Amino acid sequence: MWRSLGVSPEELRCDVTLVCGQSFRWKPIAQNEWRGVISSCVITLRQTAYDVLYRSIPKDDVAPLLRDYFQLHVPLVPLYGQWCQADARFASVAPAFPGLRVLRTDPVECLFSFLCSSANNIPRITRMIDALCRRYGTRLAEVEGTDYHRFPTVYALAAASEEELFALGFGYRARVVVTVARELSERGEEWLYRLRNLPYEEAHDELTTLPGVGHKIADCVCLFSLDKPQAIPVDTHVWQIAQRDYLPELQGRSLTERVYRQIGDHFRARFGEYAGWAHNVLFAAELPAFRRRVLALQRDR
DNA sequence: ACGAATCCTGGGCA
DNA sequence: ATGCCCAGGATTC
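Quick note: the first sequence, position 222, residue 222 per the working numbering, numbers continuous.
Hints are computed from structural coordinates only; laboratory data are not their basis.
Because the structure is a prediction, the values reported are computed rather than measured.
Take the hints with a grain of salt, since some may be wrong.
Claimed, not checked - SDA-like mimics (lysine to any residue), calculated; alpha carbons at most 25 angstroms apart, straight line:
1. Lys216 / Ala63
2. Lys27 / Asp15
3. Lys27 / Arg127
4. Lys59 / Cys84
5. Lys27 / Tyr200
6. Lys27 / Arg134
7. Lys59 / Ser92
8. Lys27 / Gly81
9. Lys59 / Val77
10. Lys27 / Ile125
11. Lys216 / Pro199
12. Lys27 / Asp205
13. Lys59 / Leu79
14. Lys27 / Cys84
15. Lys59 / Gly81
16. Lys216 / Arg291
Let the hints inform the model, and build the full structure from the sequences given.
Structure representation (structure tokens):
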């Protein structure tokens, strides 16, 4: 039996939000339906013309969990209005991506997901995370013939062997995952959760003390799981966007630490407190999987 | 401080 | 078929 989340498509659209590389745990199971795991719940979402509906196993009423996960306390429509005012370029792509929110994912899940992201692509990262959960995560339920697992704890990952992860197809990331898991199990998982209470810059710098975590991954974890909406992860796509649309004087330069910071500062100055959310829309418009939407929008004008 | 090579793998492309 | 390039990067030199 479906329950209503009571949120309009302008405030939340699942189609892009769930599969644009913030979380790698959602799978489309039918037209306008997705299934994934949040915490220890297997959740099914259905987008309708007026609302988002949900079902969950085993708990029934996971509305509070979902409202937190989608950060529904943040009104998105006014932010889109503000960003369109601030930037003509944003205004030209935003209509193709209504309701695109930044998720509030679990920090452990977020960190290990992005440790797998280096020199990689979204479909493959999704497969790797899937393998990781199946192998090291607690099994939660079987739904329609598919097993769903909780994301592994750092302690489970710390007990894994590099060889085994390599065999699962992690490549050179196998070592990074195991190393960070062992370091975090010594510091305790709480160390990571406590970063939510620190200012953005401090949380960012703390994260880079972990081996294999540079600016980009630190910013991903800050934005998608640590309540730092001003964090701007500059990946190759954002680097392209910055050179092409915002800071043409950077063309021909390379993405050094200084340049990285300069790009983030530019976005923060332009888009304000929730710059990371705005950046996420521009980023999605750049992904191969969604670029057609932008083209279609521009054709219709 | 900067730039380049290196690391696993899979898909797209010439 | 084969080789090359690139994909949500960090590290080393």
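| message | With the threshold set at 25 angstroms, check whether the alpha-carbon distance from Lys27 to Cys84 stays at or below it. | response | violated, 31 angstroms
Checking one constraint from the list: CA of Lys59 to CA of Ser92, max 25 angstroms. Satisfied? Judged against 25 angstroms, a Cα distance of about 41 angstroms means the pair is violated.
Given hint Asp205 paired with Lys27 - CA-CA distance at most 25 angstroms: Given pair Lys27, Asp205 is violated - Cα atoms ~33 angstroms apart, limit 25 angstroms.
- Task: Compare the distance between the alpha carbons of Lys59 and Gly81 with 25 angstroms, and conclude whether the hinted pair is satisfied.
- Result: It is violated: about 36 angstroms lies between the C-alpha atoms, which goes past 25 angstroms.
Would you mind confirming whether the straight-line C-alpha gap from Lys27 to Arg134 stays at or under 25 angstroms?
holds, 15 angstroms
Does Ala63 sit within 25 angstroms of Lys216, going by the straight-line distance between their CA atoms? Given that 25 angstroms is the threshold and the Cα spacing comes to 32 angstroms, the pair is violated.
Between Lys59 and Leu79, does the CA-CA distance stay at or below 25 angstroms? violated, 33 angstroms
(request) Would you mind confirming whether the straight-line C-alpha gap from Lys27 to Asp15 stays at or under 25 angstroms? (result) Holds, because 10 angstroms separates the two Cα atoms, which is no more than 25 angstroms.
What's the verdict on Lys59 and Cys84, does the C-alpha distance respect the 25 angstroms limit or exceed it? Violated, because 39 angstroms separates the two Cα atoms, which is more than 25 angstroms.
So if I understand the rule, the pair passes when the alpha-carbon distance is 25 angstroms or less; does Lys216 with Arg291 pass? Holds. Lys216 to Arg291 sits at ~23 angstroms (cutoff 25 angstroms).
What's the verdict on Lys27 and Ile125, does the C-alpha distance respect the 25 angstroms limit or exceed it?
holds, 13 angstroms
Holds or violated: Lys216 with Pro199, Cα cutoff 25 angstroms?
-> Roughly 17 angstroms separates the two Cα atoms, so the pair holds.
Checked against the numbered hints given earlier, the structure breaks hints 1, 4, 5, 7, 8, 9, 12, 13, 14, 15 and satisfies all the rest.
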